[in-house]
Every structure is written in C-alpha cells, then in structure tokens.
Amino acid sequence: MLTLTGYSDRLYCRPGDTVQFKVNCESAPEYHAEIVRIICGDTNPDGPGVKEVVVDTPVNGVHPGRPQNIAAGSFVEVPNRLVLEKLESFSVQAYVWPTTPAKGVQGLITKWSDSKGFALIVDNSGSVALKTGDGAQDSVVSVGKPMQGRRWYRVGAKFDAASRTLSVFQVPLHPVPGIDDAGVVEARLEYLPRQSAGPLYFASFSGPTAVFNGKIDSPRICDRALTDVEFVAVGMPRPHPHEPYIVGAWDFSEDMGSRTAVDRSPNKLHGAIVNFPARAMTGWNWTGEEMDFKQDPSQWGAIHFHDDDIYDAGWETDFELTVPETMTSGIYAARLRAEGAEEYIPFTVGPAPGKEQRIALVLPTASYMAYGNDHLGTDGGNGELLNDILNVLTPPDLFLNEHWEYGGSLYDEHSDGSGICYSSRLRPLLQMRPKVQCLLGGFGSSKLWQFNADTHIVDWLDARGFGIDIYTDEELHYAGYSLLEPYAVVLTGSHPEYTSTEMWDAYHEHEHRGGRLMYLGGDGFYWRIAYHPDCPGIIELRRAETGVRAWAAEPGEYYQGFDGRYGGLWLRQGRAPQKLVGVGFSCQGFDLSSHYRRNSDSFKPEVAFIFSGVGDDELIGDFGLIGGGAAGLELDRAGAELGTPPNAYILASSEQHTNAYYLVPEEFLETGPALSADENPNARADLVFFETPNAGAVFAVGSIAWAGSLSSNDYDNNVSRITENVLRRFLDPSPFT
Amino acid sequence: MTQSTYRIDPVKDLPYAREFMATPVGLHSPGLQRVLNVLRGEPLAGKYVLIEITPHKRWRLARLTGERGQPVPVLDTVFTDLETAEREVFMLRWKDHVGQDLVLA
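Keeping their order, the protein sequence lines are chains A and B. Going by the working numbering, the residue at position 65 of the first sequence is 65; the numbering climbs one at a time, nothing skipped. If you count the second sequence from 1, you need to add 1000 to reach the working numbering.
Honestly, I wouldn't trust all of these hints.
[As the list claims (entries may be wrong)] Negatives, chain A to chain B, calculated, CB over 10 Å:
id, residue
1, Pro172
2, Ala187
3, Phe623
[To be verified] Sample of chain A residues facing chain B (criterion: CB under 7 Å; computed from the structure):
id, residue
4, Thr43
5, Asn382
6, Glu384
7, Ile389
8, Leu390
9, Asn391
10, Thr394
11, Gly444
12, Asp591
13, Thr658
14, Asn659
15, Asp678
Derived by calculation from the structure, the hints in this document are not laboratory data. This structure is a prediction, so every number in the text was calculated from the model and none was measured. Just so you know, even glycine gets a beta-carbon here, dropped at the ideal spot from N, CA and C.
One chain only, chain A, in its complex shape:
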C-alpha cells in the first residue's frame, strides 16, 4: 500500500516561479527528495526504459516526513453571528433530495458544538429529525418515517422557547400511495436548548462529519416558531427578505459559479462552500420547461452534496522550489523516496519569455485530471467485459480503492451513485505519474495511459533531437492563443479528450493564422469542459446527451456551472473534432492494437513528403508498446459529414481490429448488429493531413497507441519516420501548395 503521496500547488511554471510541494509520508521519519527531468516513464523492458535526469536544486536532499490526511465531503459553512447565537425560539426548513437516506446520521442544517445547539438531520432510520442540546443534555426528535431516495421533501422543525414545545415535519412533494413517508411529530423538552458559538453548517457537522448525500435547496432559519402557512411562504424561491422573522434565507441559485452561498436576508449570513459540491443542480421547483439555468436560475436552487467531494486537500507545504533559469522547458517532478516507497509529483516548466523554441507540446492535463484517481478496476462499470481482457490492478488502484477521500475521477461515481462532475489537481493524482500503468493501456503491453503514455512522445522528441517547449492545458486555457503564437508547430499528447472552449478557440486560431498542428493521439477534442474562473486547478464536466459516458448527467443539468455553457460533446456544439483536426472519435477497444494501411491519397505528390522512406505496401505501425500496434485503444475517423475539410488527404486507415473494438454511441442512431470493428467500416483510425489558411496545416494520427510505436527498433520505424517527416516539413514555413 502506498505510504508516500503528494501534490504541488502548481502544475506548470516558468523560471523564477515557486512551486510548493505537499507531502504525506506515513511510514518513515524522513524522505529523500530530488528534482528530476522526466524523459520517459515507461518501465516496459521491451521499450526505451525509464529515463530521468536529476537536476541539482536547493531542495534536493532529506526532508522530515509526516502524515497528512484528506478530509473529504462537501458542505457550507456560515460563520457564527450574534443573530444566530441569540436564537431562543426558532424554525429551520429546507427542501431536500436525499440520495442515501439509509446511510446513517447526516447533517442538513446544523449549529452544534459542545453538546449544545440544534441540528436538523437525517437520522439512522432515514427520517428527518431535530437534535437539540443545552450543553448538559440533548435529545433527538424524529418524524420516524424513512424518506425515499431521490425524491423531494420539504423538511423542517420549529421550537417555541416559551412553551418548550418542538415540532418536526417531513412533507413529500410528490406523495405516493402506499409509501408512508410524511409526518409531523411534536414534543416538549425538559430543558431549554442553548445555542452553540460554532459555525452554522449545511450538509454536515463540523469536521466535516456526517456529510449529507443529496440535494439541499432553499435552507431557511427564522427566529420564531412559524405557522404551517409561514413555512410554505418562507420556502419559496424568493421570500420577502424583510419579513421580520427571517434570520437567514439562502439562495443557492445566486452566483452558481462561485464558492459562496448567498443569504438574501438583511443579515447577509453568506456561507463558504467547501470541497465543491455540485452546483447548477435542478431544484425542487424545476419544471422541465427550461433546460438552461441562466433562463430562470430560481429553478436551479439546489446544491448536490457528497461525502466524498474534494477540492483542495489543504496540506501543509513541506518544501518549495524556485525554478532556476537553468531549468529549460520540460516535464519535471519532485521524486520522493523513503524506505521502499517512491512518489513523483510532476510539474512542467515553460520557457523564459523570449526564449521559446519552435515546437510546443501541450500536455493534455485536463484529460489527466479527468482520469485522475480513477477506480475503473475496482468500481463502477464492468471494465473486463469492455476490454475483453482481465483487469490488472496496480498499487495506485489498490490504494485508491481504500482511500476514497483522495477523490475519484470523472469516470467514477460518488458514494451515492451520482456522477463525479468536478476534478481537482490539488490532491495527489496517483496515476498522473511516471512508471505507472493503467487499466486501459491494452493487453500485455506497457499499459500506459495519459501522462505516462505522453512520455513516449517526449522521449521520441528527445531521441530525435527536437528542442521543444512543454505546456499544459491549464496554461493554454488561461492564456489562449497567445501561448501558441510563437510556435511554428504545436503537438498534442496521445489523448487530449477534454477541451475547454478557450483551449478549442486557441487551437482554431493557431490553425487559421498559419500555424501547424500535429494531433498525435486519439479521442481528442471530444468533451467540452470548463475551468473555474477563479479557483485554480479544477475542471467541470457535464456528461450530457450522448458520448461514451461512465455516467449520465441528470436532465436539466447539462449546462456547466463554471461558465454557463452547454456541456457535453463538442460534436453537439457544432464543433465535431473532425472540424478542428480532421478526425474524430469513432471506436474504442482495449485489448490489442493494429496497424494502418496506406490509402490512394497517400500516393499523391502533394503529400509525398509524409511518406518519404516508407514503402508503398508497408503496413504502418504493425508493432509497438501499446497493445502491439500503432492503431489502438481509442480511434478517430475522418468524415466529411462531421466536418473533415474537403481538402483533407485520408492517407491511411487502420484495419483488422479485434471484435473488442466497438463504435462509440454517437456513431449510430439505432441499435443493430455489426457494431464492432471486425465488421463495421467506421470503426477505424484515419491518418489525415490538410492545409489550413495562411499556410497552416494539420496532421492527425487518430489513435492513442501511435505514440507507443515511435520508439520501436531504436526509433527507426515507419511511425517514427512519418512523424518526423511531417514535423520537419511543418517546421519549414513555406506553403504546401
């Protein structure tokens, strides 16, 4: 089991920037740290081997170790205020949509510490209850009727200090005959509850502990025992804020992209939203007539909390590196070692301003984050059936299986079965490491995926003597086209699947302003995502409508809360990948890779430069470290109907895939036979070249496995040759025609 884990505050930097490293060291009193440059992270004995170079920096050396933990679970924290602390009589209410009512005690609206205060909770029976205490004694009064999962209830309680009477209610909004889940109970307390001086919480107790799974909408606190009519009135989306009895009326539909829970009452008891629960979620009053929360935010007044949400692990910094000018652009990592344990914390260094090379490689770090800490081998979908090979688990898989507090990936579900729609890098991402193998990497091979697979590209560029600058998706998102402008050629990683609008626009600008783009992967530019406008290192995804989906966004929740844009496939935004790079996701399989065969287009004189040194009948990439071939894992095809430009050359196509390769869902409208690659002609990868305005050009390989074939035969092979032919020609600024 892993005992050494860590992350950094920054994923990318430039010389002069400072990176903070945060380390959890559980089993040793100290660890040894070195900054290393990562060239190749593949441990496969049949490959080029691990290549890393120690960089002499002041942080290299022994550091004291200490355990650091993660407190997962999302909630809202409202600082204590006198108006809350002086409450004697009170009422609390919220609309709730519980997803795990049988989980045990869960906090809804709690102001509880030192055995005093109040807490509206879901109790052990799954019913709403009110807990009160005076510091010496406490009690719980429950409705005693379990709520049903994924159904809306109006729940609350009131306490009258004069009579010491208490009432708790639970009202299903859509009652069902035969389901006894409505009720009101009353009780008289023998003591007078006293208020705590601690914060007010929604969805948890302090800690967080007893985190609620499900949606909470329109929480309210009032300073007297309300009538039934008043409870209904105060629960409406926009209650009159100056009703004298309202202490707090929170509106989660306000500023949905933020981490603030806005209180519309004059008290302005705004809360801090912690660990990014899902916002822009349909509320109790969503009618289904509107799909876009921007049209009527009041119908999206719910926050969906989860007991395994995590944004920032919040670890203390153990050491920090100020990047010296001597560290040229590249992939680096803090390599940590302690008594048999090893951990890498990767980061990139870009060039100092004005010292850019002519080639840039943009690491698809949004996709690293999307897959970060996946539990594909132990949870969720049936990966073995999909892959048609046994699942192979590695140490990160086993660790993450038992440490859900490290959070899941965008391929996982929360503990309540809802899809994880945010991923943060402010936590250890244990598969975004050199030397790591992943579940989806093909059979018997290097089994690399994302970060480590992309080191095959870095290694090839290094071996072939190309100087490059390394960037990240995150940097591209925030900088836009200006990041790419200095470069003659921009390269992608092997699987740049997740793309923000800003990233997409930057690539488009590059192509249309005379830049050249080499798309060296498969299943790229597939999902739209959003980076948070203010909070670093977190992305949002809505798995809307269609696509290869590990889970499906709920109806009415297709719009991204971070930027208000319609989420889902770029295909559904009128920007199919074929429009940007000539090819788009067509099929996937995870057993064996195959090869390409040249098409007639490849023999045209205009593209002769691509195949210089490649025989007419040569199979391209019938070798490689990823599944044994260059065409494998996830494949993209050209298609004029999807936007492949009419001037595109379809140079080669893959063939002879196994029947474990299936079309992606959006490739067919009706179910039917012949969906696998051994029968369906659209289940293939296409090798494509086309010119873009102002002497720009695009070359696309349409396969994740391509990069794994670059190093075969000491880099002397037709995949390497084609890639180098294109790269050298792309560096020549002369027009193609």
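Assemble chain B onto chain A, guided by the hints.
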C-alpha cells in the same frame, strides 16, 4: 454496462473453449465472444482480477468484494505471463458456470 444471460452449454460451447485456450486474447469468433460475455460480465462481487506484483513479470490472482472501499482479497495463485492467467481464470469461471471442469480433449 451490458451483460449477458446466455447459459453456457458445456458440450456445444466446448469448441469455443478450445478456441480460447488457443488464442485467449484477440479476434474471437461470435460463439466464443458469446461465452466470454458471460464469463467476463460477472458482477464485481467475487470477480477475478489480477494484481501486478512485479511490473511486467508477476501477477497475483485476486477477487473483488464488490463493496466500495473494501480491500481486495488476494489468492495464492501467481502468474508469470498474462495469457496463462487468462486461461486459468477462464477455466475457473467455466467450472463455476457449467458445474464441471473444462476438459478439452
């Protein structure tokens, strides 16, 4: 994720078992894939997996619990190549499904 309710016939499906033993990974006949859809589609509770104990060299057999967060119990069987592991697990599952050992002869 899809799953299969096909019932493996120990006589009619025996040729497909032989096909698997000859080529456990790769392009399968429709008949073999129908069998594999059953065997590979078992639920997570009790599902066989491999745990890599020496990268690229040694793998240990284990079975998932199907319960989120629970450790993965490991078995004693260790493999030194993945195709042998595929064959072994195929035979274990075959016996579970048809009630008798897989006899290829």
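Earlier hints that do not hold, by number: When the structure is compared with the hints, none of them turns out to be violated.
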